[in-house]
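Trainee: The lines below spell out each chain.
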Amino acid sequence: MKSTDARLSYLLLAPALFILGSMALFPILVVIWLSLQRRLPIFNIATFVGVENYHFLVLDARFWNSLVNTLYFTTVSVVLELILGLAIAILLNRPFVARGWMRATLLIPWIIPTVVSARMWEWLYNVEFGILNYLLIIMGLSKEPLNWLGSPSWAIHAAIFMEVWKTTPFAAILFMAGLQTIPTELYHAARVDGATSWVVFRRITLPLLRPVILLVLLFRTLDAFRVFDAVYVLTGGGPANTTETLSIYTYKTLFQTLQFGYGSTLAVAMFGCVILISLVYLKLLGREYWRELAR
Amino acid sequence: MMRWSPFKKSSFLFLLFATVIFCVGPIVWQIVTSLKPDAELTLLPPILPEKPTLDHYVTVFREQPFSKIIVNSLVVASITTLLCLMIGSLASFALAWLDFKGKGVILGIALAISMFPPVAIVSPLYLIIQALDLRDTWWALVMTHTTFQLPLTLWILTSFFQEIPGEIYKAAQIDGCTPFQAFYKILLPLSAPGLSTAAILVFIFSWNEFLFALTFTTTEASRTIPVGIALFPGVHEVPYGDMAAASVIVILPVILVTLIFQRRIVEGLTAGAVKG
Amino acid sequence: MSHVFKLMIIAISSVIVSLWSCTSADRVSQDMQAVTVVFKHGKIAGDPNTFRMLLRRFESQNPGVRVKDETLPASTDQQHQFYVTSLQSHSSDFDVLSMDVIWVQEFARAGWVHDLSHMLSTQEQDQLFPGPVEAVTFEGKIFAIPWYIDAGLLYYRKDLLDKYGFGPPGTWQDLMATAQSILANEKDPQLKGFIWQGKQYEGLICNVLEYIWSAGGEVLDKNGKLILDRPQSSMALSFMRELIVQGISSSMVITADEEATRRVFGEGRAVFLRNWPYAWNLFEREGSRVQGKVGMAPLPSFRGFIPAATLGGWQLGINRYSRYPKEAEALIRFLTDQETQRWMAIEIGYKPTRKSLYKDKELLAAQPFVSQLYEVFLLARPRPVSPYYLMLSQVMQPEFSAALVGLKTPEEALRDAEFQMNYILFGRSEV
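Chains as they are written, first to last, in the working numbering: chain S, 1 to 295; chain D, 1 to 276; chain G, 1 to 431.
Simulated from the structure, these hints should not be mistaken for lab results.
Take these hints with a grain of salt, some might be off.
List of simulated lysine-lysine pairs, DSS-like, C-alpha gap at most 30 Å [claimed, not checked]:
(1) G:Lys141 with G:Lys222
(2) G:Lys163 with G:Lys187
(3) G:Lys187 with S:Lys143
(4) D:Lys51 with G:Lys293
(5) G:Lys158 with G:Lys68
(6) G:Lys68 with D:Lys68
(7) G:Lys222 with G:Lys355
(8) G:Lys326 with G:Lys68
(9) G:Lys187 with G:Lys293
(10) D:Lys101 with S:Lys283
From just these sequences and the hints, can you work out the full model?
Mentor: In structure tokens:
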């Protein structure tokens with residue numbers, strides 16, 4: 001039984017492994033190899049320097065600055081997305097008349113191409129003509145138009161809000177599907193026992209949602225950590241690099257200064273951080289998950 | 001619902017309303033912007049256009065063969081979704097229900113692959129696409145999109161497949177089912193929510209993907225929507241009206257597709273109720 | 001094991017393998033007789049069909065040669081990224097490319113574009129504006145032919161200046177005084193004195209250099225040595241910061257790019273604007289709030305120095321890996337000759353690089369304001385002409401931005417910038 005299982009498994013996995021191996025693994029290995037070189041194609045420089053780039057990375061103040069910006073961005077947006085996504089999913093969990101429509105509506109921010117939504121928010125945030133400032137002033141919440149993207153303190157939060165708006169549907173959709181797998185009898189039984197909504201939530205919903213929460217946390221953190229478009233279009237990393245995230249720094253190094261060696265090093269560093277984060281998640285939250293998987 | 005107090009009912013409606021505004025507000029603003037003639041774009045008040053015009057919509061189709069661009073996006077996104085689901089469900093079937101070594105490793109590596117910054121990979125990938133002579137074709141995008149969405153698909157599907165107890169498979173085998181029959185008749189229907197969810201996420205990712213589309217497509221033969229929209233701005237001018245119109249045109253088919261999948265989720269629910 | 005199951009696996013695997021080895025299904029098959037030259041460029045202004053008419057004219061003059069034009073997004077960053085990715089892989093996908101004025105040195109150094117010195121004799125070089133010629137010359141050789149030109153200039157509200165008896169300012173201090181006076185008298189809270197592009201991007205460098213140059217400063221001297229951290233640059237940056245601090249330039253300039261400032265001025269909310277020539281047509285268009293009220297002038301300078309304008313514009317080059325360099329040359333010659341440049345100016349609005357056209361009767365009849373631009377373009381200077389320019393720009397952008405926002409003093413910013421730039425130019429080549 002076990003050996004046929006194994007044979008069947010490898011057969012089933014073959015297409016996936018083939019694609020991932022050839023189209024993904026190979027380029028990644030190339031990038032790792034590049035990170036060990038000093039590579040400036042403009043100057044025809046291509047020499048192997050081992051870990052020299054990594055040594056420089058540790059001393060690079062701009063790297064640490066962008067890392068801090070990225071971590072801040074990631075933490076705040078993921079926490080907001082998690083809470084909002086879960087709240088919306090719970091809100092829409094009960095059957096009601098227009099639920100299908102609501103769910104389709106929910107997806108709208110996610111559907112819009114980032115090139116469009118970034119410009120759209122840029123326009124919304126516009127100091128002179130943006131509707132946000134207009135509404136704020138009309139509602140009396142502010143006397144003067146706010147320079148959303150201009151002050152270092154506001155800019156990153158403006159970008160965070162835009163990111164949260166765009167990706168909360170991702171979390172909500174996963175949570176909704178997850179909520180549906182919880183048998184309603186459990187809720188009924190709890191109610192019969194006299195449990196309040198809050199207790200039901202804490203004791204039944206949350207634990208049973210654990211795998212989905214982990215999934216959402218994992219993928220959202222990884223995506224937020226690699227954020228590029230949202231910030232780049234809004235601020236370009238400025239003013240004075242105060243909103244520069246790791247991916248913006250990597251992009252500029254690779255495609256503006258054309259340093260393919262150090263740029264690859266930055267990419268690998270980003271990759272390393274991301275692996276670290278997921279390991280932490282899996283350790284803290286996924287112990288049973290891992291055990292089940294390893295079986 | 002009938003047993004709710006008026007307070008509960010009204011706060012529920014309020015929250016619904018707030019959610020709708022949150023999601024749809026900026027879009028409504030896009031629609032309004034798309035109907036404003038250029039001269040009125042920067043005027044506030046009034047919020048609504050005084051002389052609504054369809055000029056921007058005309059421009060969208062006149063400047064580029066936008067219908068071809070939409071078709072390209074549809075084809076690429078659909079094939080990517082199909083491939084991801086087909087390949088992913090087979091693989092996840094194995095990962096969730098079958099017994100073999102190395103599951104953690106495979107999922108881990110798949111995850112690692114999807115985490116790699118695309119910015120850095122674009123150059124080596126370009127070399128591959130060039131070597132395969134696939135520039136400016138649908139396949140270039142289908143292959144790259146599928147590759148980088150497979151990990152998410154694997155994780156989602158494996159997660160949902162695992163919700164369904166493995167004993168069902170064992171029971172089915174005892175009953176004389178082949179693995180394929182078990183896969184087709186039991187697993188797939190029960191995991192409809194997972195499949196639909198993965199389908200929607202993959203489709204939308206492919207629909208919105210920009211970096212690879214910019215690098216691997218050169219003409220309208222394979223250009224997708226994000227690149228098409230990026231072609232609206234001139235060196236200095238940003239035609240917000242035209243771009244708003246283009247984004248409205250682009251959202252509509254996807255909402256339709258989503259509505260279709262939404263019903264599948266509900267069907268999956270009723271099928272899943274049998275499993276208890 | 002079910003045969004159907006096995007079949008499914010095999011089917012999927014073979015789909016993948018065949019996708020792997022299949023060639024494109026969507027490519028236009030090439031006529032065996034005609035040569036197709038691929039012209040890659042950023043989005044052309046206006047109706048793309050207008051430009052295509054021009055290309056058809058070339059084809060009729062050159063039987064046997066067809067031109068396929070491929071458009072990239074107008075964003076200069078995205079174009080640069082695309083060219084770097086393809087040229088690094090020695091792509092032969094395109095023959096003629098349109099280059100931003102700041103890339104030519106870099107691409108020339110990398111060996112990605114052909115030497116075109118034989119296309120521009122010294123005599124012919126004199127017919128073009130000096131700025132672009134300097135920008136396309138690398139180690140004494142020409143690597144691109146200037147196609148159309150762009151330069152920064154000052155727009156002002158003629159009606160407001162006339163109302164208070166001012167003329168267009170000749171010095172920066174005059175501009176400041178004029179703006180202050182008008183703002184005080186108009187008492188309009190929405191009116192801004194002077195707006196320009198201060199967002200952290202390439203446009204910021206364009207703006208800052210105009211002040212530094214017009215203070216007699218420079219970034220690199222004739223020998224390529226860094227002379228950025230000098231009192232002239234410091235004074236220039238301090239002046240810019242003063243503009244913001246004094247409220248003459250509202251703090252929105254910190255996040256503003258060309259369009260943001262163009263719209264503000266176009267709504268009548270600013271007295272002075274620094275921008276590129278493209279804005280003129282938009283201001284004079286039907287329905288524009290400032291139609292007929294706008295004047296153009298060269299940028300001011302600091303007292304005792306010559307004004308300066310940052311050079312923009314695009315140049316045509318030939319991909320080193322092109323299969324049809326001869327035909328590509330013919331296309332470039334066509335696109336940069338007198339008739340074509342006149343036609344482009346009238347139909348598309350791209351300003352010619354040939355000086356003689358600024359006295360051309362036909363062009364002046366169609367666009368009289370072009371004569372004012374002649375002086376501006378003569379003053380146009382390229383940004384530091386060096387293959388390292390993009391790296392230098394990446395260092396200068398955040399430093400200048402920090403000085404404008406007040407995070408650093410101008411002296412600190414310049415010192416830090418020069419330190420990093422020295423490292424790039426003379427220390428290790430990799431930062």
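Trainee: Against the earlier hints, flag every one the structure doesn't satisfy and list their numbers going up.
Mentor: Hint 5 contradicted; others consistent.
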